[in-house]
Amino acid sequence: MFVQPPNLAEALRMRGELGPDAVVVNGGTDVVVLLNRRQLRLKTIIDISRVAELQQIEKQSDGTLIIGAGVTYARLAELPLRAFREAALSVGGPSIRNMGTIGGNIVSASPAADGAVAALSLDAEVELSRAHCEPRWMPLTDFFVSYRKTKLQEDELLTRLRISGGSTSRWYKIGKRRAVNISVICGAVSRREGQYGIALGCVGPMPVAFPSVSQMLAGRDLVPELISEAADAVAREVNPISDHRASADYRRGMSRVVVKRLLTELSSEMAEDL
Amino acid sequence: MSADANKMLIKCKVNGQSVSCEIPVECTLLTFLREYLSLTGTKGACLEGECGSCTVLVNGKQVNSCLMLAGQVQGCEVLTVEGLADSDGRLDVLQERFLDAGAAQCGYCTPGLLMSARAFLKDNPKAGREELLTALEGNICRCTGYASIVEAVEKALAEVRT
Amino acid sequence: MTGDTQQADFLVGRSCRRVDGVEKVTGDIRYGADLFPAQADLHARVVRSEHAHADIVGIDASEALNVKGVCGVYTHADIRGTNLHGLIRRDHRVLCDSRVRYRGDAIALVVGESEEAAERGRDLVHVKYSPLDVIATMDEAMADGAVEIHPGGNVMGDKRIRKGDVEKALAEAHVVVSDTFNTQTVDHAFLDLEAGTGHWDGQTLTLRAAGQWVHEERRLIALALGMPLEQVRVIQPPTGGAFGGREDISIQIYLGLAALQHPGKTVGLRYSREESMRARHKRHALRINFTLAADKEGTLTAARVIVHSDEGAYASTGIAVMRKASSHATGPYKIPNVDVDVYGVHTNNNPTGAMRGFGAAQMAISYEGMMDRLADALEMDRMELRLRNLVRPGDQVTTGQRLNDATAVECLEAVLNRYRDYPQATSETLPPNLRRGCGVSVICFGLGYGDGFPDASRARVHLEPDGTFTVYTGGVEMGQGLLNTMSQIAGHELGQPLERMKIIAADTMLTDESGSSSATRQTYFTGNAVRTAASELNEKIKDVAGEQLEVHPHEITVRAAWAVETNKPENRVSLSDVYDHGLKRGYDMIGRGIFKPRTIPEISDSGQSPRAFITYLFGAHLSQVLVDIETGEIRVERHIAAHDVGKAVNPQSVEGQICGGVAQGIGMALMEEVVYDKGRITNPSFTDYIIPTIKDVPTIEPIIVERDDPGGPFGAHGVGEPPLIGAVPAVLSAIYDATGVPVDRLPVTPERMWRLLNEAGAGSIRE
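Residue numbers (this note's numbering), protein chains in the order written: chain W, 1 to 274; chain Y, 275 to 436; chain S, 437 to 1203.
Please keep in mind that the hints were generated in silico from the structure rather than gathered at the bench. There could be a bad hint or two in this list.
[To be verified] Each computed DSBU-like pair below joins lysine-lysine, with the alpha-carbon atoms no more than 30 angstroms apart:
no.: 1; chain 1: Y; residue 1: Lys335; chain 2: Y; residue 2: Lys400
no.: 2; chain 1: Y; residue 1: Lys335; chain 2: S; residue 2: Lys1131
no.: 3; chain 1: S; residue 1: Lys1131; chain 2: Y; residue 2: Lys400
no.: 4; chain 1: Y; residue 1: Lys429; chain 2: S; residue 2: Lys1131
no.: 5; chain 1: Y; residue 1: Lys281; chain 2: S; residue 2: Lys564
no.: 6; chain 1: S; residue 1: Lys564; chain 2: S; residue 2: Lys504
no.: 7; chain 1: Y; residue 1: Lys335; chain 2: Y; residue 2: Lys285
no.: 8; chain 1: Y; residue 1: Lys396; chain 2: W; residue 2: Lys43
no.: 9; chain 1: Y; residue 1: Lys281; chain 2: W; residue 2: Lys43
no.: 10; chain 1: Y; residue 1: Lys335; chain 2: W; residue 2: Lys59
no.: 11; chain 1: Y; residue 1: Lys281; chain 2: Y; residue 2: Lys429
no.: 12; chain 1: W; residue 1: Lys43; chain 2: S; residue 2: Lys1032
no.: 13; chain 1: W; residue 1: Lys43; chain 2: Y; residue 2: Lys285
no.: 14; chain 1: Y; residue 1: Lys335; chain 2: W; residue 2: Lys43
no.: 15; chain 1: S; residue 1: Lys976; chain 2: S; residue 2: Lys1032
no.: 16; chain 1: S; residue 1: Lys564; chain 2: S; residue 2: Lys1114
no.: 17; chain 1: Y; residue 1: Lys281; chain 2: S; residue 2: Lys1114
no.: 18; chain 1: S; residue 1: Lys1131; chain 2: W; residue 2: Lys260
no.: 19; chain 1: S; residue 1: Lys1131; chain 2: Y; residue 2: Lys396
no.: 20; chain 1: S; residue 1: Lys732; chain 2: S; residue 2: Lys770
Excised from the complex, chain W in its bound form (with noise of 0.2 angstroms):
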């Protein structure tokens, strides 16, 4: 069966009456590939493609921005969030951003996942919501569980995104080429109101932020030592694994300069980028 909701009632309503096997489909730049890899089977198809109020982007009077789950990378990349709108561009081709969404890729929980590494810089909150209920909002970081597994349930969708407003930020990734790259390892910062976000893709079981790092930088001002104080108390903190695409002392090493440059470049813009 295949299913393409016009709304997100509909949507809401056939992800909780067509069960667990019914696979929710947007962009599918991760569900396809598993369907040619014959890795998967699709019986019962739910299409949230057509969703009109995923699609939306609101700012708020308060600057804060509540972005739709089915907002593509495309449109990330127009969004006045230098994080965002760098890794959105990173990812794939201009045909995989026209597709890919940001829901998507935050569902995926990849620790490659460059959309949810810049998000979770942002300090965002991710709405989960299900028919005939109140939807419920969380922080990013409570999101993920494991390795690939989120709060997430059976019935519900991910809904939207709410990022507040005023953060400058900034982003960096590191692969094996120039174009279509996926992640050796990715980082986001963001700084707001003096408080700072830290997060790294690929050094872990799923994106990563640290909470503790910045702790230690609110308030203070980015001088070179404290820089390197927290480009080294991150490295210390990640606990990357080795693979096919890079060793875990490399990403390690690599957590501690993209930090450093990232905090750097955070330091010496004046201005703001929102």
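Position chains Y and S against the provided structure of chain W, taking the given hints into account.
Only chains Y and S this time, still in chain W's reference frame:
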């Protein structure tokens, strides 16, 4: 709705023609085009969105047809390489410049590149070299080293501008 | 008007549009995968080994045969012929009988009414294995007591060069430098996956599948399947790239087996990307131990080169690759004393065989790397060291062959001039983490198989009843532009515009054998055969037209649709009339050409031969890179490549070959690598096997150097492989120049660069 739960009826426009066809629900747009409509100009080479050989335009936007389910183009307009030349067979400016520049060597990436370039020309007629490269970055070519492709698209871009 | 009254064009040297161009830009062209399912009645799938090394204890097909839609499961027992294939040694079973030697070895063939049925059947063929030790590396293969992958030991062969007295020269040298290079396993990664059809009508077994040498494929298929040669017909469909990756037989032989089992039906077979990567041979990974010596002035005195080559599970073209490696071990440099030993070592990795560069590519990495190291040891300029030692006309290469023409210096000067005369803005001050550097390479390449192999090409050119021409050649077009090269050579010889030339290539029933599309040999070999054929036909036309116009044949010129009296062009006769008249007079109006030059085998003890190769090609590259010394990221900013192609028959097509070879070279230098885990490829997809995108390749600057080759058609020789061979060492040289740290292992991924820099220590990194 189809009688068989694993099948569905798809109606859309492909290269300007209305089509209606019963397909399995898990059929990708690539398979739909190649095997149900016999439009074999669109190629599949990696089936993971890494090479761009399968690029087509859906409602004017470039997508990897290998990663889109055919059901998702219900009611949409799809343009493939077969729809680039006009009905008299007159080639489009990109096709002509590809021929001039020798941008098709083995030719397997060519349909995908033409479609990416087509989307680019339509959306960014004022763009420069860097935007052009970004527009084509999702299309792997193993033969040309890309030089002739860049030349072809830049020349087409210059023509479109005038 | 198809050139009816048009002035004859001179086609050689012109960048004509591709004759197959229009159908490539419209999507109308039909590659192997485009032939079905519309044309396939049945579909085949191959059951492949799940073990890298094991004995087969049993094959149980009963469950597969019960799958709805499965029409047959076939094993070695169903094969009537030798069940063996292999381009040099027939050591590879079509379907394994008792042992598998790599993960990807074929065991059974399932035929079904649909692709889905065949795949379900494939997954339900149960093979019982008794696992053997997996030989994952060359060191394991050569260790005492290692299990033998083939009877006779794991060293499958060796090749050597002995010239002068290396021992003495090393002892007397002013400077001696040594290093060990490790090159990686590379996949061809052509986009057009293996796909085709087979059909047996009781008379002819017709196979449509892309290879690189249809006549040899026919021989191998006939032998393996037990068919008379004349009953097998191999037709090359349009082909989306090959790069050596279609030289070993692939789907053709399974299609043949399936079709024979299902007479009257058209059987289709196609590989997924994963199967293509798991099944196919790869580029040899080489470990090269190189010692190079020079006197005080920087004149090279000795080289000692020891090479171990990972041959994988089967011989493939390994012996020939070893030979190309040994004969190209010291490249375009004059060295009086040379010892080379190349050992081919079997492992349970994928078989390794042909890929663009064929052993010569790996050796260029080492000899050019050593020239840079030597220059540093001598505190000498890298260009000066090269210019002092490059072969010049009249000099000998390492095999002892004396070259009348040697354009290494011209090529090097061409790239240096280009770099100097067209500077690009690089004056910006770099941030502290970035280093910029420039490197060069100079390479040579012996064209063709050489070594006494009876290498030959044949061609025919027909005058058609309507006065147009058709070229017939067995040569394979796979994207490189052979159809244009041959059409342009024949058309030029016959005074024709390209529109009046048709070409039929690579069909064993219609065309004569022209050898493989490999070894950079088609322009030279088949080009000569085509030129001879066209020339013979031209003479026939003149004879007939002379009679018709009542003038001496020498006074006739063929021009487009006419044969004219040269000095009185209004006295003319149409070629269709010539055709009719010729037939009446007993002419067949066909020209035939064969080109079969002699090369002389290398003496096995010394590797010396006065004519190991028919001719040598030269090239030089200059690469400029930016290295991030904190992350190890590398960007190629600029790449210039000059190649002596003799004469560019179609300059645009030559430039396409140069730029494409450079891009593949950048891929090999920086990112491409097949990764094994105990014989299992861990990255068999384009997500994980990384190929350069448009952002990874700068706008390559090709330079065509033309120095007529007296043996080539219109002075042309060829260009296919050298651009890749030159590109890799130039990039590596630039990295060395940028960082001060030499590179000895490929590919130089960010992590590998970072490790090299860490190992060298901060003090060694260039400021």
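Q.
Holds or violated: lysine 281(Y) and lysine 43(W), Cα atoms, limit 30 angstroms.
A. Answer holds: lysine 281(Y) to lysine 43(W) is near 10 angstroms, not above 30 angstroms.
Q. Given the proposed pairing of lysine 564(S) with lysine 504(S), does the C-alpha separation stay at or below 30 angstroms?
A. holds, 23 angstroms
(Q) Check whether the Cα positions of lysine 335(Y) and lysine 1131(S) lie no farther apart than 30 angstroms. (A) holds, 21 angstroms
Q: Given the hint that lysine 429(Y) pairs with lysine 1131(S), test it: the Cα-Cα distance must not exceed 30 angstroms.
A: Satisfied, since the Cα-Cα distance of roughly 19 angstroms is no more than 30 angstroms.
Q. For the pair supplied as a hint, lysine 732(S) and lysine 770(S), is the alpha-carbon distance within the 30 angstroms limit?
A. holds, 16 angstroms
Q. For the pair supplied as a hint, lysine 281(Y) and lysine 1114(S), is the alpha-carbon distance within the 30 angstroms limit?
A. Given that 30 angstroms is the threshold and the Cα spacing comes to 43 angstroms, the pair is violated.
Q: Take a quick look at whether lysine 564(S) and lysine 1114(S) sit within 30 angstroms of each other, Cα to Cα.
A: holds, 20 angstroms
Q. Going straight from one Cα to the other, do lysine 281(Y) and lysine 429(Y) come out at no more than 30 angstroms?
A. Answer violated: lysine 281(Y) to lysine 429(Y) is near 45 angstroms, above 30 angstroms.
Q) Is lysine 335(Y) within 30 angstroms of lysine 59(W), Cα to Cα? A) With a Cα-Cα distance of about 26 angstroms, the restraint between lysine 335(Y) and lysine 59(W) holds, given a limit of 30 angstroms.
Q. Is the Cα-Cα distance between lysine 396(Y) and lysine 43(W) 30 angstroms or less?
A. violated, 37 angstroms
Q) Is the Cα-Cα distance between lysine 1131(S) and lysine 396(Y) 30 angstroms or less? A) Satisfied, since the Cα-Cα distance of roughly 21 angstroms is no more than 30 angstroms.
Q | Given hint lysine 285(Y) paired with lysine 43(W) - CA-CA distance at most 30 angstroms | A | Holds: lysine 43(W) and lysine 285(Y) sit about 20 angstroms apart, inside 30 angstroms.
Going down the numbered hints, you'll see the structure goes against 5, 8, 11, 12 and 17, while the others check out.
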